[in-house]
Amino acid sequence: MKFLYSDTQDYVDPGYDFLNDRCRPGRERYWSDVYAHEFMDPAPYDGLLVSMSAVRQAAGVATSKVRYSTREEQRLLRDGARQFLRYGGPRFKDTMLLGDCGAFAYVEHPVPAYAPEEVVEFYTEAGFTHGISPDHIIFACDLTNPSEQAVDAATRQRFAITLANAEVFLGLVKREGMPFEPLGPVQGWSPKSMAEAAHRLERMGYRYLAIGGLVPLKVDAIKAVLTAIRERIRPETEIHLLGFAKADSIHEFTGFGITSFDSTSPLIRAFKDEKANYYREGSDGRLEYYTAIRIPQATENARLMQGIKRGQFSAEDLLLRERRALIEVRAYDRGASSAEATLDAVMDYHQFLLRGDGTGAAQQDKALRKTAALVQRTLKHQPWKECDCAVCRDIGVEVIIFRSSNRNKRRGMHNLSVYHRHLSKTIQGTA
Amino acid sequence: MTTYRFTAVRAQQAPGHDVFVFAAHPADVLSFAAIERVARTDDGQLKGFQRHQVASHIRDIRDYLTREDALLPNAVIIAFIEGVTVKDLSDGLVQVQIDVTQDSRPGFVVDGQQRLTALSGINKPEFQVFVSAVICKDYNELRQQFVLINNTRPLPKTLIYELLPNVEGLPERFTQRKFSARIVDMLNFTRGSSLHGEVRQHTNPTGMISDTAMQRLIMNSASDGAIRSLMRFDDREERAFQLVSEFFHAVARVYGSAWYGMAPRFSRLRHGAGIVAMGFVMDHLHSLEGAKERGQFEPGLRLLAPHTAWTSGQWPLEAWDTRPWNGIQNTPSDIDLLTRYLVSSLKKALRKPRRIANG
Numbered sequence: 000m001k002f003l004y005s006d007t008q009d010y011v012d013p014g015y016d017f018l019n020d021r022c023r024p025g026r027e028r029y030w031s032d033v034y035a036h037e038f039m040d041p042a043p044y045d046g047l048l049v050s051m052s053a054v055r056q057a058a059g060v061a062t063s064k065v066r067y068s069t070r071e072e073q074r075l076l077r078d079g080a081r082q083f084l085r086y087g088g089p090r091f092k093d094t095m096l097l098g099d100c101g102a103f104a105y106v107e108h109p110v111p112a113y114a115p116e117e118v119v120e121f122y123t124e125a126g127f128t129h130g131i132s133p134d135h136i137i138f139a140c141d142l143t144n145p146s147e148q149a150v151d152a153a154t155r156q157r158f159a160i161t162l163a164n165a166e167v168f169l170g171l172v173k174r175e176g177m178p179f180e181p182l183g184p185v186q187g188w189s190p191k192s193m194a195e196a197a198h199r200l201e202r203m204g205y206r207y208l209a210i211g212g213l214v215p216l217k218v219d220a221i222k223a224v225l226t227a228i229r230e231r232i233r234p235e236t237e238i239h240l241l242g243f244a245k246a247d248s249i250h251e252f253t254g255f256g257i258t259s260f261d262s263t264s265p266l267i268r269a270f271k272d273e274k275a276n277y278y279r280e281g282s283d284g285r286l287e288y289y290t291a292i293r294i295p296q297a298t299e300n301a302r303l304m305q306g307i308k309r310g311q312f313s314a315e316d317l318l319l320r321e322r323r324a325l326i327e328v329r330a331y332d333r334g335a336s337s338a339e340a341t342l343d344a345v346m347d348y349h350q351f352l353l354r355g356d357g358t359g360a361a362q363q364d365k366a367l368r369k370t371a372a373l374v375q376r377t378l379k380h381q382p383w384k385e386c387d388c389a390v391c392r393d394i395g396v397e398v399i400i401f402r403s404s405n406r407n408k409r410r411g412m413h414n415l416s417v418y419h420r421h422l423s424k425t426i427q428g429t430a
Numbered sequence: 000m001t002t003y004r005f006t007a008v009r010a011q012q013a014p015g016h017d018v019f020v021f022a023a024h025p026a027d028v029l030s031f032a033a034i035e036r037v038a039r040t041d042d043g044q045l046k047g048f049q050r051h052q053v054a055s056h057i058r059d060i061r062d063y064l065t066r067e068d069a070l071l072p073n074a075v076i077i078a079f080i081e082g083v084t085v086k087d088l089s090d091g092l093v094q095v096q097i098d099v100t101q102d103s104r105p106g107f108v109v110d111g112q113q114r115l116t117a118l119s120g121i122n123k124p125e126f127q128v129f130v131s132a133v134i135c136k137d138y139n140e141l142r143q144q145f146v147l148i149n150n151t152r153p154l155p156k157t158l159i160y161e162l163l164p165n166v167e168g169l170p171e172r173f174t175q176r177k178f179s180a181r182i183v184d185m186l187n188f189t190r191g192s193s194l195h196g197e198v199r200q201h202t203n204p205t206g207m208i209s210d211t212a213m214q215r216l217i218m219n220s221a222s223d224g225a226i227r228s229l230m231r232f233d234d235r236e237e238r239a240f241q242l243v244s245e246f247f248h249a250v251a252r253v254y255g256s257a258w259y260g261m262a263p264r265f266s267r268l269r270h271g272a273g274i275v276a277m278g279f280v281m282d283h284l285h286s287l288e289g290a291k292e293r294g295q296f297e298p299g300l301r302l303l304a305p306h307t308a309w310t311s312g313q314w315p316l317e318a319w320d321t322r323p324w325n326g327i328q329n330t331p332s333d334i335d336l337l338t339r340y341l342v343s344s345l346k347k348a349l350r351k352p353r354r355i356a357n358g
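Chains A and B are the protein sequences, given in the same order. Using numbering that gives the first Met the number 0, the final residue of the first sequence is 430, and nothing's skipped along the way. Using numbering that gives the first Met the number 0, the final residue of the second sequence is 358, and nothing's skipped along the way.
Hints listed in this document are in silico derivations from the structure and should not be mistaken for laboratory results. Glycine included, every Cβ here is placed at the ideal spot set by N, Cα and C. Please note that a few of the clues may not be correct.
Claimed, not checked - With a cut-off of at most 16 Å between alpha-carbon atoms, the simulated EDC-like pairs for lysine to aspartate or glutamate come out as follows: (1) A:Lys308 / B:Asp27; (2) B:Lys347 / A:Glu175; (3) B:Lys346 / A:Glu124; (4) B:Lys347 / A:Glu27; (5) B:Lys347 / A:Glu120; (6) B:Lys177 / A:Glu27; (7) B:Lys346 / A:Glu27; (8) B:Lys123 / B:Asp27; (9) B:Lys346 / A:Asp78.
What the hints assert, rightly or not - Derived contacts from chain A toward chain B, CB cut-off under 7 Å, selection only: (10) Ala58; (11) Thr69; (12) Arg74; (13) Arg81; (14) Glu107; (15) Pro109; (16) Arg293; (17) Thr298; (18) Arg302; (19) Ile307; (20) Gly310; (21) Gln375.
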């Protein structure tokens with residue numbers, strides 16, 4: 000089972016100066032930076048997924064969040080995705096480069112933002128090894144399997160569009176001489192309808208299916224979907240799980256003949272999750288999580304800046320507390336400060352992230368106590384000291400500090416590598 | 000209570016007002032003067048006046064001031080209402096005494112807060128700054144001084160860009176801009192350049208092509224395109240200049256009537272959007288066809304010509320987005336659309352003759 004990471008320009012400056020919080024002088028964004036697969040050995044994933052909607056503005060969608068500039072999109076198309084992602088050469092030979100449309104970007108739109116012709120051209124020019132036909136997400140998955148007549152017209156239309164696109168898409172890919180392996184996207188409103196879609200895609204000639212719409216689903220619902228699909232398709236037909244948010248429960252999915260799945264969660268959780276920011280392999284073969292220690296930059300953090308602008312906080316005062324928290328955490332790491340003193344300094348600064356949020360002192364005190372307990376656990380266990388991944392070896396305690404993209408993304412890369420190792424063990428364990 | 004004493008020079012200005020200047024360490028300045036940021040009291044009253052810290056600005060200043068040879072000749076301005084006694088010495092000199100009590104600092108930073116913050120964060124114990132001080136009769140007058148002093152007009156960006164090629168030791172973020180400004184200079188003022196005299200600059204107001212659009216073209220190419228491959232050479236400036244100049248020689252030859260003497264409002268080719276988008280056509284022809292000289296750019300541009308609508312007609316940008324020739328504006332999203340349309344039309348056109356050639 001291959002683990003693909005869905006990249007959205009996630010690179011870090013290898014020469015970042017953590018003490019002064021500066022990029023290395025002369026650093027050029029992207030060119031001086033490194034991707035996780037360049038930074039870490041072994042690479043923390045088996046392939047990369049790139050969404051077209053991250054590269055190209057989704058037509059007619061005003062809110063579409065494109066990560067690539069025009070010049071980066073143009074270079075990606077000129078040089079190919081492999082060269083752009085610096086994911087080539089013998090080290091990454093045979094790795095999967097999967098293109099998809101990033102259907103989330105146009106989910107509100109009546110039809111997909113890209114036509115099959117445009118998508119085939121894009122995948123071909125970018126040189127993907129695999130590409131998914133433009134689909135249209137159906138969100139609600141009803142495990143009671145309502146009939147086609149029982150669902151609303153918009154859902155039926157999304158179902159039909161996805162299949163009609165897949166037919167056109169496959170024809171075009173064949174006409175172009177199969178420059179990449181096409182994947183048929185499965186969308187449906189129930190396990191049964193998804194199985195029907197899978198069956199029809201297989202009949203069109205697809206040998207590899209991508210199951211969509213899984214993001215909001217619970218583990219049991221995903222299992223119900225996969226069971227229904229597997230019953231309707233050939234055993235040799237391959238399956239990819241799109242945006243598989245339940246990556247942690249992967250051990251429950253080894254029996255479904257899944258060839259690949261993609262997830263961003265190990266990296267994203269490093270800085271989006273409330274408390275599970277740092278991954279560690281537990282002794283029982285399961286993943287454990289730690290909260291990162293939040294010491295944001297006083298004059299850059301949006302929340303603190305708001306307080307400063309309103310006059311609730313003084314910038315100079317915050318800067319002093321911020322500095323003290325950083326000094327204490329680093330001293331603690333060297334063994335030059337106690338866990339108690341460090342926790343005090345961290346929480347003394349942390350309180351400003353909550354004060355002024357209008358929830359009232361009682362709520363805030365409660366939230367602070369919760370955070371203090373989580374931070375205390377992180378401080379006590381010092382998980383960064385046990386890890387020998389390239390990130391933890393390189394920057395030590397900085398990896399656990401929740402502050403600026405260079406720390407947060409590195410922590411994400413660490414998580415990817417812990418996760419990837421965990422996945423290999425899981426697969427071996429069940430093989 | 001702490002007392003600071005300085006010998007200062009007094010200037011004769013408005014009667015009844017004391018204005019004087021002295022040298023002090025930044026840390027001392029911050030202990031006798033407060034930065035009162037603008038805010039609201041609980042009952043909605045405005046207090047303070049200073050804006051918040053701008054982290055990137057402070058970083059730029061800090062980068063510069065960390066250098067051994069850094070100078071800061073302009074003074075920070077501090078206003079006092081009370082807490083200061085001024086005693087006449089002689090020859091315009093005065094003895095200034097500032098009393099700081101436990102809970103309040105008598106001075107207010109009126110100008111220079113970012114500089115003081117930057118200095119307070121670096122280890123330069125010997126470094127002094129000039130303090131220009133004014134004594135106001137009340138807080139309102141102090142706020143008035145703040146507005147008057149800070150209500151200056153920043154230099155126009157285009158003038159700064161034109162000065163850039165000749166200025167050393169600037170913050171990092173200027174270096175890309177500096178390189179492109181230098182190439183635009185060469186394109187505009189070198190005899191034989193395809194853009195000789197064509198670019199509008201402060202010193203060339205009759206030029207018709209926007210200098211910022213040309214800079215954008217060069218910055219795009221230097222970071223992700225053809226010019227990037229030239230950066231490793233010592234004579235990269237000359238090579239970059241030649242490449243762009245050659246490309247526009249070819250453009251002029253192929254699209255003559257849309258090019259020669261045309262104002263941007265009559266030809267989209269000379270408009271910011273057209274210039275920036277054509278930069279990507281240049282990068283594409285260089286990268287995929289190896290074009291370097293005008294004769295090598297021309298065939299591709301000729302293939303592209305039937306798909307363009309620089310001065311009349313319509314742009315079929317997407318299946319559902321057809322626009323009149325002048326319906327493209329100088330916005331990032333329009334430039335993006337035009338770029339994609341031009342490059343993909345070019346690619347298709349380049350593909351066709353090859354298919355025929357390959358039988």
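Here is what the structure says about each hint:
1. Note on A:Lys308 and B:Asp27: the hinted pairing is violated, with a Cα-Cα distance of about 25 Å set against a maximum of 16 Å.
2. Simply put, B:Lys347 and A:Glu175 have alpha-carbon atoms about 14 Å apart, close enough for the 16 Å limit, and the pair holds.
3. Pair hint B:Lys346 plus A:Glu124 holds up; C-alpha atoms about 10 Å apart against a cutoff of 16 Å.
4. Annotation: proposed proximity of B:Lys347 to A:Glu27 is violated, straight-line Cα distance about 33 Å (limit 16 Å).
5. Only pairs whose Cα atoms come within 16 Å are accepted, and B:Lys347 paired with A:Glu120 is accepted, the gap being roughly 11 Å.
6. At most 16 Å may separate the alpha-carbon atoms for a hinted pair to count; B:Lys177 and A:Glu27 meet this at roughly 15 Å.
7. The hinted pair formed by B:Lys346 and A:Glu27 fails the criterion: a straight-line CA distance of about 30 Å is larger than 16 Å.
8. A hinted pair counts as satisfied when its Cα atoms are at most 16 Å apart, and B:Lys123 with B:Asp27 qualifies at roughly 13 Å.
9. A threshold of 16 Å between alpha carbons decides the hint, and for B:Lys346 with A:Asp78 the separation of about 14 Å falls inside it, so the pair holds.
10. Taking 7 Å as the C-beta contact cut-off toward chain B, the hint placing A:Ala58 at the interface holds, the least distance being around 6 Å.
11. Look at A:Thr69: its Cβ gets to within about 5 Å of chain B, closer than 7 Å, so that hint holds up.
12. About 4 Å separates the beta-carbon of A:Arg74 from the nearest beta-carbon of chain B, less than 7 Å, and the hint is met.
13. Taking 7 Å as the C-beta contact cut-off toward chain B, the hint placing A:Arg81 at the interface is violated, the least distance being around 16 Å.
14. Of the supplied interface hints, the one on A:Glu107 is violated, with its beta-carbon coming no nearer than about 17 Å to a beta-carbon of chain B, more than 7 Å.
15. The restraint placing A:Pro109 at the interface with chain B is violated, with a minimum CB-CB distance near 12 Å, outside the 7 Å limit.
16. Among the interface hints, the one on A:Arg293 is violated; its C-beta lies about 18 Å from the nearest C-beta in chain B, farther than the 7 Å criterion.
17. The beta carbon of A:Thr298 is positioned within 7 Å of a beta carbon in chain B (closest approach about 4 Å), and the interface hint is therefore held.
18. A least Cβ separation of about 13 Å between A:Arg302 and chain B goes past the 7 Å threshold, and the interface hint is therefore violated.
19. Evaluation of the A:Ile307 hint against chain B yields a held restraint, the C-beta minimum of about 5 Å falling below 7 Å.
20. The interface hint given for A:Gly310 holds, since its Cβ lies 2 Å from the closest Cβ of chain B, which is under the 7 Å cut-off.
21. At a threshold of 7 Å, the smallest CB-CB gap from A:Gln375 to chain B is about 30 Å, leaving the interface hint violated.
Hints 1, 4, 7, 13, 14, 15, 16, 18 and 21, counting from the list given before, are not met by this structure.
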